[in-house]
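Participant: So the sequences go chain by chain: S and A.
The numbering of the first sequence is the numbering used here, which starts it at 1 and goes up by one.
The numbering of the second sequence is the numbering used here, which starts it at 1 and goes up by one.
Calculated directly from the structure, the hints in this document are not laboratory data.
Incorrect hints may have been included.
[Said to hold, decoys possible] Sample of chain S residues facing chain A (criterion: CB under 8 Å; computed from the structure):
no.	residue
1	37
2	40
3	93
4	94
5	206
[Stated by the list, open to error] Some chain A residues well away from chain S (every beta-carbon gap over 12 Å; in silico):
no.	residue
6	63
7	240
8	250
9	251
10	253
We put the CB at the ideal spot given by N, CA and C, even for glycine.
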Amino acid sequence: MGKKFKEKFAFTILALITMCVIIPALFIFSYIIYNGIGTISLEFIFGSPTKGMTEGGIFPAIIGTMSLIVGTIVFALPLGVGTAIYLVEYAKKNVLTKLISLAILNLAGVPSVVYGLFGLGLFVLLLGFGSSILSGSLTLSCLILPIIIKSSEAAIKSVPNIYREASLALGATKWQTIYKIVLPAAMPGIITGAILGIGRAAGETAAILLTVAAFFLPRLPDSIMDQAMVLSYHLYIISSQVPGMPDAIKNGTALVLLGVVGIFFFAATVIRIKYKLANRA
Amino acid sequence: MGDTEKAIYSKTTISHRKDLKRSNRLGEFLIEKTIFLIGTTAIIILGLIFYYLVSTGLNVFATVSVSEFFASIGWFPVSSNPKYGTVPLVVGSLMVTMGAILISVPIGIGSAIYISEVAPQKVRTVLKVIIEFLSAVPSVVLGFLGIVVLSNWVRITFSIPTGFTAFTGAILVSLMALPTIISISDDAIAAVPKDYRDASLALGATKWETIRYVLVPAASPGIIAAVMLGVGRAIGETMAVLMVTGNAAQIPDTMFTSVRTMTATIAAEMGDTVRNDTHYFALFAIGSMLLFMTTVINTIADYVVTRGKKGGR
């Protein structure tokens, strides 16, 4: 009895411990959805903020976030996939390769506010892009680069060698093989990584605080050199910087932000399940 | 590309083929070099980050002495007699991080064991999706919930004057460190060779004994790395901490007082600085300190994992 009882006891404790993670997580999702859903209306999504942001919608912030996402992926995807191709298909086992891996690993651990400082110093001030969507996109693309590299690397690695050998045996060059055979086969994994990176960029606040975000700008950005309101930053200021904001606006903004991030997350999850990819980038 | 392929398959003369090979070779050469350049992007970016932060941050020592910056306890950058002692900020960061780690390590490792070894397949999939989505929740959303829900709970439960404390921050940060710790520990446990499991069970050990005496010890390098990456995540966390820790740059007596972390200081004060004044440089210097801390932690974590892989098998 002792052994079996001990095992049952241990497993029960482990299940309870797991609940300590799952319950807060479910609480977070349900709280945001339950409290925010009442605010969501066409006017809230497609309207501009009025009366010092206490009324109206958050359309400029949504557009700001979307422009940042597009700008970020334009820079990060080619660089990330290119790096992954280099590491899997070309790199030799040498010091440089080891250094690249170490750099990627460390980039993934750099705090987002440090990326913000870096973006402020380099893109905003030194290169003179100012506080703009361009500066923000460049900063965010540095931030999500490790995510894209890692998932693309895993995807390219998982393409069976037989594909490459068959292609080379038919007379294709190395690049033709990579471009026509390896990349298409790795595409689901690469797309998953890109989507996860986008989701991360959409929710990021500290890195854009110093590089793009406008406190209150009730119009749409004109160009990539323009400042913009951004959902995540908007939630930050209305929930902690501006006193007397109506709860409805805060809850609604939180739900829209979580919704945007959630859409990307579930898109990535669906692709993963469909293609039976490894569970994480 | 299409033309070259057609050419390959059509009956070309030998000289044609030679031309083709030459142009292919040049193309391949250019592509290989381009890919190589792209491959070094990560090093270049990391190098630029280090160079830029450190070279800007070092300027602070033109006006502030090294001992004041690292060892004095007053952080009053905007007073008429400004003080730039970072000790309270470092202590604030360490308190929040340690609190978060004390909460998330036992919970994280326990959950990882449950998810990888105990839970039935279907439950396991659901749990994993929930935990991954938790990791996708933006930290500003957690900070928002920290303000509207958690800080009130902390204030009432512990009957203290304010709910904006290091403890509140630690709880939120633990929620952010948990997915990292769980998924990496889970991978480490799953990577233990099946032979170990089978051998232990064949010797008559129960499933729990196998987990406790075989799997966890075998996976320990991965679990240690998971904890370290969790620490790195916790130190670098900015928004949630900025929103709920009360932002008082003081040396706290307990977990239940307000603190201000290094990250929160940068985020809160950078907007008010003038470019190239002492305050601006001081914030870059704090950024450099953060950068060094996280780099050391991540590099050691990587070393532990690689060594574990080599030694363990």
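Participant: Which numbered hints are broken by the structure, listed smallest first?
Facilitator: Per hint list: 1, 2, 3, 4, 7 violated.
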